[in-house]
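> Single-letter residue listing:
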Amino acid sequence: MEFGFTAEQTDLRDTVRAFLTRHATSARVRAADGFDAELWRRLAGELGVTALAIDEKHGGFGASEVEVGIVLEEAGRVLLPAPYLSTVTAAAAVDPALAADLLPRLADGSVIVTLALAEPGAGWTPDRWACTARRSGDGYVLDGVKEHVLDGAIADVVVVAAVCDGEPGLYAVRAADLRCTPHDTLDPTRRQARLEFEAVPASLVGRDVRRAVELLWAALAVESVGVARASLELTVDYLRTRQQFGVPLAHFQALRHRVAELAVAVEAATSSAWYALRVAGTEEFTIAAPLAKLVATRAAYAVTAESIQLHGAIGFTWEHDAHLYFKRATANRLLLGDEVALRRVIAARAGL
Amino acid sequence: MEFGFTAEQTDLRDTVRAFLTRHATSARVRAADGFDAELWRRLAGELGVTALAIDEKHGGFGASEVEVGIVLEEAGRVLLPAPYLSTVTAAAAVDPALAADLLPRLADGSVIVTLALAEPGAGWTPDRWACTARRSGDGYVLDGVKEHVLDGAIADVVVVAAVCDGEPGLYAVRAADLRCTPHDTLDPTRRQARLEFEAVPASLVGRDVRRAVELLWAALAVESVGVARASLELTVDYLRTRQQFGVPLAHFQALRHRVAELAVAVEAATSSAWYALRVAGTEEFTIAAPLAKLVATRAAYAVTAESIQLHGAIGFTWEHDAHLYFKRATANRLLLGDEVALRRVIAARAGL
Amino acid sequence: MPAVDDIPNLPDAEFRRRVREWLAANLTGEFAALVGSGGPGREHENIELRTRWEHELGAAGWIGLGWPEAHGGRGATIAQQVIFFEEYARVGGPGRLSHMGEYLLAPTLIAFGTEEQQRRFLPSIAAATEFWCQGYSEPNAGSDLASVQTRAVRDGDVWRVTGQKVWTSLAHVADWCFVLARTDPDAPKRRGLSYLLVPMDQPGIEVRPITQITGTSEFNEVFFDGAVTAAENIVGAPGDGWRVATGTLAFERGVATLGQQLGFARELDEVFAAARASGAYDDPVWRDAAVDAWVGLQTLRHQALRTLGTPAGDLPGVEASVSKLLWAPWHQRLGELAMTAVGPTATLADGGLSDAQRLFLYTRADTIYGGSNEIQRNIIADRLLGRVPRS
Amino acid sequence: MPAVDDIPNLPDAEFRRRVREWLAANLTGEFAALVGSGGPGREHENIELRTRWEHELGAAGWIGLGWPEAHGGRGATIAQQVIFFEEYARVGGPGRLSHMGEYLLAPTLIAFGTEEQQRRFLPSIAAATEFWCQGYSEPNAGSDLASVQTRAVRDGDVWRVTGQKVWTSLAHVADWCFVLARTDPDAPKRRGLSYLLVPMDQPGIEVRPITQITGTSEFNEVFFDGAVTAAENIVGAPGDGWRVATGTLAFERGVATLGQQLGFARELDEVFAAARASGAYDDPVWRDAAVDAWVGLQTLRHQALRTLGTPAGDLPGVEASVSKLLWAPWHQRLGELAMTAVGPTATLADGGLSDAQRLFLYTRADTIYGGSNEIQRNIIADRLLGRVPRS
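Residue numbers (this note's numbering), protein chains in the order written: chain G, 1 to 352; chain S, 1001 to 1352; chain B, 2001 to 2391; chain Z, 3001 to 3391.
So that you can see chain G by itself, here it is in the shape it has in the complex (with noise of 0.2 Å):
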């Protein structure tokens, strides 16, 4: 197993972090409301991301997760305003045997796909969701309601999770055959739904409902990493040209040592994340997921918030960037379950 990345996955990093750095400036991320179609349009099409880790013969270009988790890592550190998350957890969780109509224009960015997992009170235990499916013909039809779809409001395809006949799958859902509910969010940078089906034409897209969850975490993760990275830094510039008592900040040792630690929690989360990825494709993803989710947000929220407090005033107004660093972070830690609910997930699977 690799654990560092090959000449052209840095390539790839380079050339995405070079044109977010460019393109999805602060001024863009705050006046997209959550996606920016200009944006998104040229990451599908010039950049093809949203084609990397699918299959040639599904038109995509047969990399990794790993290539993805880098794309991800880099959308984490700019709070992308695009449903990259969205399209590449959903496209990894469908079946490609099942979801050989939807691949192709995953890959190329025609469509926006996104997972329909948690349900309003049963929140993202896959055991309590009560969303079904009954065979309809050829197809199926989905009743239920789900509740935090990332991007809800602008995709045109979601992947729900439902229960047919006993059997939890996933199904394709045309946007235009269900209610949304378009929500309001803490975290202005990605936005969220209310989904409704009553008797929705359906597509069964794959079966493995816990994976998709798992893959959710493990994107939150590989994000929250670049997250907390790109919050680190803004933290440490500050700190360098920052002048009080006659000198910079980063001279005074108190500060030193708790940026320090900070670049430990973010260095564990990074390890953690990363790792995750690295074993998507084995059984010990089925922890390393939910662990890596609870790690790498954690360290994620534990840095936007010292970094609001290192900022001083400035920090807490909304024109300085470190509030939304902070809320995606508090997003990303809320959702999927919170740090105790994963390590109850953790300890059953590892039987602790």
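Any given hint might turn out to be false.
What follows is a set of in silico ranges between Cβ atoms, one per label pair, in the way DEER data are often shown [stated by the list, open to error]: (1) S:R1174 - Z:E3270: 35 to 45 Å; (2) B:D2355 - S:G1351: 32 to 42 Å; (3) B:V2091 - G:E283: 18 to 28 Å.
To list a few chain B residues with every Cβ distance to chain Z over 10 Å, as calculated [claimed, not checked]: (4) L2027; (5) A2032; (6) D2201; (7) D2288.
For the record, the hints were derived by calculation from the structure and aren't laboratory data.
Where a beta carbon is used, it is the ideal one built from N, C-alpha and C, also for glycine.
Put chains S, B and Z on the given structure of chain G with help from the hints.
Chains S, B and Z in isolation, oriented as in the chain G frame:
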């Protein structure tokens, strides 16, 4: 209600501190193996601190919990190897109307008395204690096992919590009549014993078993404040004198900020411990006592653990006193319910 | 010994009854709409109505309760002041507009001001006919008052003030600002400052609201461009500003702490209620953390009572820093607990921020304003370990 | 790209099989008594038998596994070194006596030593016929190597060393000590040091054991009073000592980390077992903390694998500090968790310290020795925020 100290109380503290500074030296504490009989004799005889809170009609000075608390805090500061905490909690737990024989001897220090509450496997939860008392002639006989009895091997009389016909009570037993197994202890400055009773003659000396636990909680709290304060002072002195990188350690802001946080914890612990003593006569004590135990032992643990770290290598040696404070703080924290257990008690009593 | 012998049960029942009755009789009618408004994150709400409410408070003598009677106060005991806070919080009284004048400027004038200044300014604070704001923090000074760069120069009968202040709450409603300005650029940093009282309604002053992470604007930037104030509007002598301002900062965290805790208790109750609704309450791990928050709140109260009950010097010392380092992080953790109480729904903000979200976001400032955690730790460390050069 | 392509499953089954077989065949007979001995808090146990065990290890070629073959090693891959550690820990192999030589001195000699020095010292380390101890820390230097005061002066064909070292583990069994000593008192602090190899068995050296908070003595004070060593026993040039020693300190926290984690895993298992016995395991709050410890252990492993799998410079940089700041506080928390797992019984010590108590007490040193937490934070901060004057 008073929160300050009277001039007499301040005098008492000064007297006790002067005496203990002079006589309860580190060398003597270390040599005592948990009990320095000469020190105890003088404390009771010359200073009369055993008589403070006992009513005048029973040979005491008729002072209050506050005076006892002052001595307990000072005892904590030097890790006093004498059964002051044991005797004063026993004296406070008994019903004067039932213990008229015992109190004068407690007041003049001619007997060492301690509370025997916890039981093996049942811990500090009165509802789970199995020790029983039966009537026998004019008095009672006791059967059962008690564990973690502080100063149990040097006590002349033990006040034992036991159930008689479904009614909990406190029973005085002569040490000569029971089987005592002294323990070696992690904290070498205060020993514990396991006591076994088989039809041991006993007399009823009190009824409020829960209050006996609360008194021990409050006493350990205020003693822990003394432990924390002494350990913090030791650390501050070290930082002010020890040079590194050419300046005293006290110049390093990272250490300064940590010391400041320790001081904050000690202040809070002082406030909560003393609040408990101030409300010892009211219904509030049922919550204030476990809360004080939680807050004060947590602070003492934090301070004494950081003290070792801030002392560096020397703090890890047997010859330095840092570990003695750390071990007392550790014992006080684990005995009579750890933080989680105390929070359960508090939640139940406060209806949270 | 200054014992507070009517605390903690604060059994001044008569005084409490009077406060309660007055609030019950007066926080009604149009003022009923103010209940719960103007708190953290909502300081911008209902300014006009809250101004009239302040007039009512002033007319009834509730402003300046603790000032000496010679200065127009009631000479109320600490316990009575706490009772007023408690009762005011209990009924959800609106966030105060006059508190900068009442709790920061007035004690400063009483301690350091001239008789003329006391006569000129205290009555209008007590009557709530003039509101005040605080001009300390600057973009390049932060918590470091000694680094203030705003300049004031004497020009005949006036001081002319030029510079920029930030983090200035309620500047847009204030009639006056107490400003820390550098009047002697050649003196050592702390010696060159003066404490000036500057009228806000003049061409030389511009107030720009700062939008905070809550999306609302409680704080402002204030730009002084040759703003003028009469020569006599200086508290203390020229060059005394640091000493005068430091005294005022300490007053800020005085008796108000105890009253504040009733507000905290209400917030904690709401967090428990939210957890019961979401099911988080049934999670032993969540509940353990929540009970620890309750324990922390009791400790805040124990700390405040002990501080009030034991002797302090003429100017408060490190007790204020200890108190701030206890309550600010505690309150911040309460904000975090509120979010986990609500659960994933706390990521949604339909119809604006929820109470939990407002608490969560607003408490990020608690550890920054009014002397950051770092400044408070410096102050305590200076006392314990001796002063050393910063950094 | 130096990928570790046989980690994490370390599928070098053949190598693992060989290690296992050898251990099964050799950690038997008299050596069976050594299982579990010599670990933290027990480094003083069974020295004589452990010395013979080291000879066995050396004879079988297990010492210097990762050294280049040219230097008498096996040139084993990192994965193979980790496998050896894992298997050794799995069977409870005794605490090593030769590791100071193997992991600290040998890499230093390979990097900075002369060919003569390599030929003279490496074989006896590999054969475990000479043991080494480390002479860095001093009573007045602590973690600050640049403040070393021990002096060495050139006197004809020898160096004469005078001074005091502390925190020196295994000094009483060591044949040699690598000493950092000041050879030029007039040079800037870091430039005046030299790295000397000093034989222990001479009149000028006295070793005094230091009793630790465990009541046992793993560490020593070493007093040098004109102790001599041959002029050629200097690594690097005079004045190079700081650079050479800093390199060695970094080696200390290298590949050994991964192997160490199997020991941690065994300790965590024992904590869970103790909690099951005491009932703490049934407390959801305790278990939540314990599961978090398990999570932390996985993260240590992920961190080690990532560090090994990504390029590093010739001399390890801040990765070592990150690793230390992850594992040392983690291990310390494990010690605390062990105590709450046991419950109040953990306050008793009949028949000496229990495993939980030993873990609890011994881990207090983890955050101090080998570069304290504070030193590691300084190192990381220097990298992120630039170097500034200390304090």
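> All hints are to be evaluated individually against the structure, with a verdict given for each.
Okay, the hints, checked on the actual structure:
no.	hint	in the structure
1	S:R1174 - Z:E3270: 35 to 45 Å	holds (42 Å)
2	B:D2355 - S:G1351: 32 to 42 Å	violated (23 Å)
3	B:V2091 - G:E283: 18 to 28 Å	violated (60 Å)
4	L2027	holds (42 Å)
5	A2032	holds (43 Å)
6	D2201	holds (45 Å)
7	D2288	violated (5 Å)
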